Amino acid sequence: MSGASDSPGRRALRRFLRHRLAVFGLVVVALFLLAAILAPWIAPADPLQTSWTAIRKPPSLEHLFGTDENGRDVLSRVLYGARASMAAGVISVSVALLIGVPIGVLAGLAGGWVDAVIARIADAMLSVPFLILAIALAAFLGPALENAMLAIAVTASPIFVRLARGMALEARATDWVEAARALGNPPWRLGLVHVLPNIIPPLLVQATLSIAEAIIAEASLSFLGLGQQPPAPSWGSMLNSAQRFLTQAPWLAVFPGLAIFLVVLAFNLMGDGLRDALDPRGERR
Amino acid sequence: MNEPLLELRDLRKHFPLRDALGRARGAVRAVDGVSLAVARGTVLAIVGESGCGKSTLGRLALRLIEPDAGSVRFDGEDLRALSPAALRARRRDMQLIFQDPFASLDPRMTVGAAIAEPLRLHRIVPRGGEASRVAELLERVGLRPESAQRWPHEFSGGQRQRIAIARALASGPRLVIGDEPISALDVSVQAQVVNLLADLIRDLGLTFVLISHDLGVVRHIADRVAVMYLGSIVEEGAAATVFAAPRHPYTRALLAAVPGRGIKAPPIEGDVPSPIAPPAGCRFHTRCPHAEALCREQPPILAGGDHRAACHLQDRLPPAPPLQEAEPGGDRLRRLQAFFQPAGTEA
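As you go down the protein sequences, you meet chains A and B in turn. If you use my numbering, the first sequence corresponds to residues 7 to 291, in order. If you use my numbering, the second sequence corresponds to residues 4 to 350, in order.
Incorrect hints may appear among the rest.
[Unchecked claim] Sample of chain A residues at the chain B side, in silico, Cβ under 7 Å:
hint, residue
1, A18
2, A179
3, D181
4, H200
5, P203
[Claimed, not checked] What the simulated footprint calls covered on chain B by chain A, stretch by stretch (three residues with Cβ under 8 Å from a Cβ of chain A suffice, anywhere in the stretch; the number is not a length):
hint, segment
6, 103 to 111
7, 150 to 159
[Claimed, not checked] Listed below are several chain A residues computed to face chain B (Cβ distance under 7 Å; list not exhaustive):
hint, residue
8, P14
9, T56
10, W182
I should point out that these hints are in silico values taken from the structure, not numbers from a laboratory. Just so we're clear, the structure is a prediction, and the values are computed from it rather than from any experiment. Even for Gly, the Cβ is constructed at its ideal location relative to N, Cα and C.
Required output: the full structure, derived from the provided sequences and hints.
In structure tokens, the structure reads:
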């Protein structure tokens with residue numbers, strides 16, 4: 007019991023770093039994020055630059071991932087595609103958190119009919135398959151990456167409503183929240199200062215897993231032509247055009263497919279590691 | 004100034020039971036018509052078995068839960084008439100100490116932030132002056148001022164309870180309710196925390212309501228005692244009188260159950276009846292060795308001046324067996340205190 011004080015967050019970080027697969031996931035995610043941010047500087051070629059002399063060339067030193075049916079450099083397109091995927095994952099889930107968590111906490115703390123109405127709406131939305139709802143919304147909003155992201159955000163929010171509500175209900179019954187009430191905390195402060203910080207860990211875990219889902223959803227929407235619009239690169243739309251050449255030019259499908267696989271796996275591993283690190287059972291003593 | 008600081012009148016709280024479809028299926032009659040007064044600067048103990056409604060009563064007294072009926076007057080003011088904002092402002096004068104110090108502190112708040120919270124909420128200290136007041140409070144409860152930077156999980160149960168006590172005292176309350184404040188602690192630190200509470204009550208002139216089932220502790224610090232059984236008070240009076248000459252058969256049985264006392268009182272049998280369907284008449288008649296026909300039919304009223312008991316037979320019962328100590332000053336707590344006294348202040 008000496009030296010620097012040990013905050014709950016720091017202890018969780020220590021547990022997370024002991025988790026090898028989670029750290030691997032974190033590293034992969036970080037690399038993809040870097041790729042997305044640095045794409046203009048590290049991409050060997052312009053992802054939109056077509057070339058009639060280099061159509062569907064297999065991977066070579068000149069084009070590490072080969073070229074596509076219009077002679078564009080696949081590596082550059084995968085790097086730029088990371089932008090659409092990471093943006094879709096991170097931004098849409100952030101928006102989903104911003105929509106879902108306040109509503110969920112409100113429902114959990116308010117109780118009564120407010121809670122009943124909110125919970126039923128969230129349940130109704132959750133009963134529709136994630137992708138179907140996202141496709142319906144995206145189709146309704148019109149084909150564009152921004153609309154796809156919005157559709158994914160709305161579709162992903164009810165899970166946060168339900169999670170935040172459950173955790174808030176649980177927190178409301180704890181002694182420390184009652185103690186906070188006994189001290190004279192107004193309701194908004196109970197929610198913001200005492201409930202919210204204590205329910206962040208499970209939300210963070212869910213957010214990480216939701217990002218993986220959102221990336222798949224973005225790829226799917228782009229595959230269907232509802233997301234990123236050509237010629238701008240996206241892993242989903244690359245896969246779509248690759249399917250026509252699956253036997254002649256498999257590299258067109260392999261690299262964007264691998265990228266999706268890796269990034270989704272990495273987010274899931276990270277989520278699992280976070281869950282273990284933030285487990286409240288490890289929190290005591 | 005003879006007006007009591009806290010006055011409960013006919014308080015009632017029934018928790019409705021619902022089945023899976025949400026239909027009402029009776030109610031747990033947790034508190035069923037309790038009237039009590041706590042005089043300024045005194046310690047009232049509420050004792051009874053677990054499930055008798057004493058914790059619910061404590062929360063009703065602070066209006067942390069809403070009573071179904073009855074009134075709560077604090078310092079002459081009807082707490083039930085206050086608006087939510089006015090009630091929150093009033094909370095600086097009345098505080099609660101919880102049973103489980105592992106649950107009552109927010110795990111994501113440093114000790115200093117937890118103790119400073121009431122100071123901020125009620126703007127008790129000018130901005131920036133909180134740290135020194137927190138340090139003062141920590142020292143007052145026997146912890147080092149540096150503890151303020153630490154997190155609750157770094158402390159033992161006894162230390163956490165000291166932190167909770169410091170937090171409860173931070174706003175300078177006049178009334179403190181302790182809901183089993185020591186029963187979750189290790190036996191070795193119970194005595195220290197009891198002594199701390201006793202010192203604080205004396206030094207700060209607190210009005211204190213001690214909810215407890217530990218009669219040794221009650222005896223040590225209470226001025227008056229109220230005995231609860233199945234949601235109502237069965238006996239109430241000055242602690243010395245109640246301990247020396249208990250009038251209700253239930254109180255006698257409780258006292259007889261304290262180990263280390265050579266009292267021979269008729270033991271009571273069976274379990275506490277369900278508070279969902281309490282017995283008719285006197286609620287204790289199912290376990291009372293003296294019960295008569297009248298007891299099964301008519302509920303007794305709490306009567307008898309300064310030392311009240313709710314028993315039809317209270318004037319006809321054989322006198323209570325004399326309360327002799329098994330050994331002089333020999334109850335468990337006293338021995339523990341003697342044993343642990345020189346061990347310093349840190350729990």
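Hint-by-hint comparison with the structure:
no.: 1; hint: A18; verdict: 11 Å, violated
no.: 2; hint: A179; verdict: 10 Å, violated
no.: 3; hint: D181; verdict: 4 Å, holds
no.: 4; hint: H200; verdict: 6 Å, holds
no.: 5; hint: P203; verdict: 4 Å, holds
no.: 6; hint: 103 to 111; verdict: holds (count 8)
no.: 7; hint: 150 to 159; verdict: holds (count 5)
no.: 8; hint: P14; verdict: 6 Å, holds
no.: 9; hint: T56; verdict: 55 Å, violated
no.: 10; hint: W182; verdict: 4 Å, holds
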